[in-house]
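Residue numbers (this note's numbering), protein chains in the order written: chain X, 258 to 653; chain U, 20 to 321; chain S, 360 to 655.
Worth flagging that the hints you see were computed from the coordinates, not collected in a lab.
A few of these clues could be false.
[As the list claims (entries may be wrong)] Lysine to any residue pairs mimicking SDA-like chemistry, simulated, CA-CA at most 25 angstroms apart:
no., chain 1, residue 1, chain 2, residue 2
1, X, 379, U, 156
2, X, 404, U, 277
3, X, 564, S, 625
4, X, 487, S, 421
5, X, 456, S, 477
6, X, 379, U, 152
7, X, 399, U, 277
8, X, 641, S, 421
9, X, 456, S, 489
10, X, 537, S, 477
11, X, 641, U, 130
12, X, 516, U, 144
13, X, 286, U, 152
14, X, 379, U, 128
15, X, 404, U, 130
16, X, 487, S, 477
17, X, 378, U, 150
18, X, 379, U, 71
19, X, 456, U, 22
20, X, 378, U, 277
21, X, 404, U, 160
22, X, 456, U, 140
23, X, 399, U, 74
24, X, 516, S, 489
25, X, 537, S, 421
Residues per chain are reported as follows:
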Amino acid sequence: MLKGIAALAALGTLLAFSVAAGAQERTVKITGFGAKSGVVRVFGVNSEAALRAAAEQINNAGGVTLGDGSKAKITVEFLDDRCNAEEGISVVRRIASTDAFVAVGPTCSNVAESLFGILQKKVGDASDSGLQFPIIADVAAKGGLAKISEWSFRNVPSEFEMYKSLFAWLKTQHPDLKTLWGGVEKDFAHSNATFGVMKAQAEANGLQVLGQSEWLLADTTFSTQVREMKRANPEIVAISAHPFTSCGVLKEMERQGVKPKLLVGLTSSSSIETLQGCAKQAEGIIIPTSFAPVTPEAVKAAEQVAKFGGSADLHSAAAYEVMFILKDVIETQKIMAKPETVAADRAKMREGLAALKETPGLLGKIGRTADREAIKPYLYVHAKDGSWQVLYKPSS
Amino acid sequence: MDFYLGLIQIIGVHTLLGLSAYCVLQTGQVSLAQAGFFAIGAYVAGMLTVLAGWPIMPALVVAAIVAGAMACAVGFPALRVRGLMLVVATIAFGEAVRLFFFNFTYQLERGGFRIGPHGGEGFRQIRYFPEHGWSTLEVMLFIWVVVVLVMAAIWWMDRSRAGAVLRAVGEDEVAAQSSGINVTAVKVFAMTVGGVIAGIGGGLFAHYTTHIEHVQFGVVLATFAVAYPILGGLSSVFGTLLAVIFVQGFLIEGLRFMGDWRNLLFGALIVLAMNVRPRGLIDAATIAAIRRIVRGKEHAGA
Amino acid sequence: MDLLDVIDGVQSVADGVLFGATYALLGIGFTLIFGVMHKINLAFAAASVGAAYASLLILAGVRAPPALVFVAAAACGGGIGALVYLVGFRFIPLANPLATLMSTVGILLLIDEIIVHTTQGVPLNYPALFSDVIIRAGPFSLRGDLMFVFALGCVCMALLTALLYCTRLGLATRAVSQQPVAAELCGISITNVNVLTFVITGVVGGLAGAMIGAAIGILSPLLSLPLTIKGLIVTVIGGLGSIPGAVIAGLLVGGLENLFQFLRGVSERDLYVMLLLFVFLVFRPRGLSARPPGHA
């Protein structure tokens with residue numbers, strides 16, 4: 258009989274301890290989503306790796322402090338939206354039907370357009386039945402998306418700022434170069450929009466834009482376009498296209514003997530894709546980017562992301578940074594992360610994100626605009642000997 | 020709950036897309052142009068609600084009429100070809116429509132912003148539903164009322180003489196013509212009906228995704244459109260519905276837990292389905308079996 | 360329009376015609392399958408690109424001279440062709456053309472996903488063949504590697520025509536395509552003939568994929584769908600089942616593409632190609648080398 262009571266007491270104590278221990282072991286799930294299928298799969302893979310790497314860093318440092326003072330570990334889940342608008346909306350609704358109070362994504366700008374469109378436009382507008390759920394984008398880079406809704410935020414670089422600064426700097430470095438020819442991927446919103454920026458900034462810095470060559474995302478022959486380029490004999494060639502067609506154009510340029518003095522590329526193309534496709538032809542191309550392993554934080558992040566099977570570039574670095582931004586907001590806004598506080602948590606997250614004036618970034622402090630966009634520090638890289646090396650780091 | 024309602028919305032619109040191909044497939048024509056009519060419906064309905072401020076119902080009706088008219092116009096030249104050539108001709112037409120919208124810009128100034136279709140960038144902010152306070156449930160019910168009406172119409176047509184005529188043309192054109200059926204008229208009729216349904220589906224699509232662009236209406240969507248009736252079986256409208264639920268509900272959302280393997284299974288399961296049930300999930304044999312069971316129960320009950 | 364523009368225009372068209380040789384190779388494969396089995400194999404272009412990827416994989420593992428990658432691609436193409444037949448056609452009764460259409464769509468999706476999963480969707484460099492050979496004729500220059508592709512296409516055409524009309528296999532193939540039941544009664548194994556046809560077209564496809572990779576210089580999963588559409592267009596314009604028709608049509612489509620692009624820019628180029636195809640089909644549905652109906 259005594260043995261029985263002793264056994265029960267022991268069991269009871271054990272249970273009490275485990276409950277107490279369990280009370281300390283809280284987890285907060287942050288869900289990312291993006292494209293893990295098709296030609297853009299590499300973006301999703303990198304974003305997921307970056308989110309997991311950042312979460313591990315945070316957890317190793319003790320985790321995130323919730324509104325009731327308890328510490329919680331962050332777990333990451335990543336859903337594939339296949340770069341499809343309907344699926345992106347479905348994925349976010351899925352996330353929103355759980356206790357999640359924020360989602361990180363998407364990869365593709367077209368998904369972001371639809372997704373931000375179904376969110377409530379203005380906070381507090383009772384007549385608007387849009388979804389009330391904060392989303393912070395890590396990769397979708399087409400200009401002006403965050404202003405679609407007060408619940409949408411982005412941590413992507415401003416291409417306007419980067420190209421403005423790049424062309425101004427190029428003018429100081431190469432005052433003798435006067436003419437520019439553009440190349441643009443017409444049927445992709447991002448490259449099309451960025452080309453407008455490139456062209457405007459080139460002209461603003463006194464360059465004469467002799468003309469432009471156009472092609473489509475999946476084109477395979479560029480002889481006509483490169484011949485136009487050759488005839489114009491420009492000193493600078495600016496290509497606003499993704500790695501597949503950029504490589505195609507560069508190879509054709511090599512074939513036809515078109516050798517401009519300077520090559521400028523699209524931000525997204527400063528990744529391993531370009532080097533894997535045409536390292537030799539891309540030699541010397543200058544691209545402004547918001548990530549390079551030049552600071553100790555950046556180097557560490559690159560190592561961590563590689564550990565999780567991804568590679569750190571300007572897109573995945575943004576995802577890495579986002580995890581830390583979310584940690585800060587959870588702590589300052591005292592998010593409770595309990596099933597009964599979901600709506601309140603979402604509102605707090607949104608307010609917290611909207612109130613941010615500055616966030617920590619891997620290359621330095623990132624400013625935030627009233628339009629819920631980011632002003633990220635940037636630098637210029639160029640392709641040299643089969644890798645991306647830093648060309649110049651603007652001081653401001 | 021919202022997630023399931025949203026999924027049911029998607030299933031509804033894709034059922035309309037599938038049904039538009041179903042009508043055309045019954046006459047033995049494989050049409051990969053349905054995505055083109057879908058696109059026309061989407062842009063027309065979007066422009067009417069956003070640029071002209073129309074309510075959703077009249078916008079959808081006009082979208083359906085425009086898409087149907089286009090389908091009728093396409094139907095006539097399409098009659099001259101058959102088999103693979105029709106497949107290619109309809110791909111060509113669908114692509115021509117997509118490329119038209121790639122180049123199409125029509126923007127108006129409203130409150131300091133420019134709104135409307137903008138070429139390659141697409142047509143954003145088609146926010147009729149959220150702006151008028153429609154909840155996810157209300158949108159879902161609206162879509163499904165339309166779907167049920169369309170399905171009922173096709174079901175009724177299937178069981179009427181018109182349906183028999185369509186199937187006759189689909190099974191054996193020569194025999195049908197010998198029986199005095201005007202094959203031309205039947206095929207054009209089927210194309211037009213398909214176009215009308217696709218137009219309605221497209222209009223709804225534009226409003227629940229709030230942003231449309233030319234890329235969405237390419238060959239992949241056209242292939243999905245014919246995949247639904249082929250996978251589901253051409254003997255019954257419910258086959259198409261089942262196929263849509265199978266693809267959108269099971270393959271796309273249900274298999275999400277498999278992570279990366281989901282996409283590989285997608286193609287593999289379609290191949291498997293076609294090998295195991297070449298006449299579709301619900302084929303004539305299945306319907307006969309269901310009828311026998313129902314009749315058996317009736318006899319047992321009586 | 361001055362002389363320079365005219366020269367550029369002609370050069371553009373010439374470049375297009377040369378690149379059309381790659382479309383011709385694809386068209387040969389598509390038309391052979393249709394000509395023999397009277398079924399559409401929508402997975403053909405994807406299988407060809409897949410064979411090119413597989414050849415890269417083999418080359419990464421085995422140390423061999425880069426030129427061997429083309430042989431590897433052809434071999435892989437043959438293997439994939441046999442697999443496509445097994446999985447997409449073998450077990451589906453002949454009377455279900457829609458089912459085989461859909462099964463090949465499933466195979467297309469599967470091959471694309473396998474490519475994306477193995478390579479993360481990243482474009483891969485493909486060894487070039489004769490890429491530095493440029494033949495100059497006055498103000499014009501012609502790409503040597505594309506001329507090689509064209510020559511290869513002609514050789515394929517000759518070989519396949521010889522195969523079809525001068526060998527027992529060819530005779531069996533034509534018998535199966537005309538009257539499967541009678542052929543079986545004569546002791547011809549339909550399955551064997553079909554497998555062999557798929558293997559042969561697979562080899563042609565693998566070669567086409569390798570040539571396309573070499574001509575562009577890079578392989579990407581982006582290629583499968585546009586090449587499928589181009590291949591179908593070429594097959595139809597050339598006339599279903601006609602190999603010389605596919606070759607001519609390939610060159611024609613390539614040249615016209617570039618002509619439209621030169622005249623109207625890239626945004627409208629494909630629109631005109633599609634409209635042209637549509638009109639062509641309305642007025643000459645049986646294609647360029649239309650064999651009158653009822654002939655062998």
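Taking the hints in turn, this is what the structure says about them:
| no. | hint | result |
| --- | --- | --- |
| 1 | X:379 <-> U:156 | 21 angstroms, holds |
| 2 | X:404 <-> U:277 | 35 angstroms, violated |
| 3 | X:564 <-> S:625 | 43 angstroms, violated |
| 4 | X:487 <-> S:421 | 40 angstroms, violated |
| 5 | X:456 <-> S:477 | 37 angstroms, violated |
| 6 | X:379 <-> U:152 | 13 angstroms, holds |
| 7 | X:399 <-> U:277 | 31 angstroms, violated |
| 8 | X:641 <-> S:421 | 29 angstroms, violated |
| 9 | X:456 <-> S:489 | 36 angstroms, violated |
| 10 | X:537 <-> S:477 | 24 angstroms, holds |
| 11 | X:641 <-> U:130 | 49 angstroms, violated |
| 12 | X:516 <-> U:144 | 43 angstroms, violated |
| 13 | X:286 <-> U:152 | 31 angstroms, violated |
| 14 | X:379 <-> U:128 | 21 angstroms, holds |
| 15 | X:404 <-> U:130 | 15 angstroms, holds |
| 16 | X:487 <-> S:477 | 37 angstroms, violated |
| 17 | X:378 <-> U:150 | 9 angstroms, holds |
| 18 | X:379 <-> U:71 | 23 angstroms, holds |
| 19 | X:456 <-> U:22 | 43 angstroms, violated |
| 20 | X:378 <-> U:277 | 34 angstroms, violated |
| 21 | X:404 <-> U:160 | 30 angstroms, violated |
| 22 | X:456 <-> U:140 | 18 angstroms, holds |
| 23 | X:399 <-> U:74 | 31 angstroms, violated |
| 24 | X:516 <-> S:489 | 21 angstroms, holds |
| 25 | X:537 <-> S:421 | 24 angstroms, holds |
This entry does not satisfy hints 2, 3, 4, 5, 7, 8, 9, 11, 12, 13, 16, 19, 20, 21, 23, going by the numbered hints stated previously.
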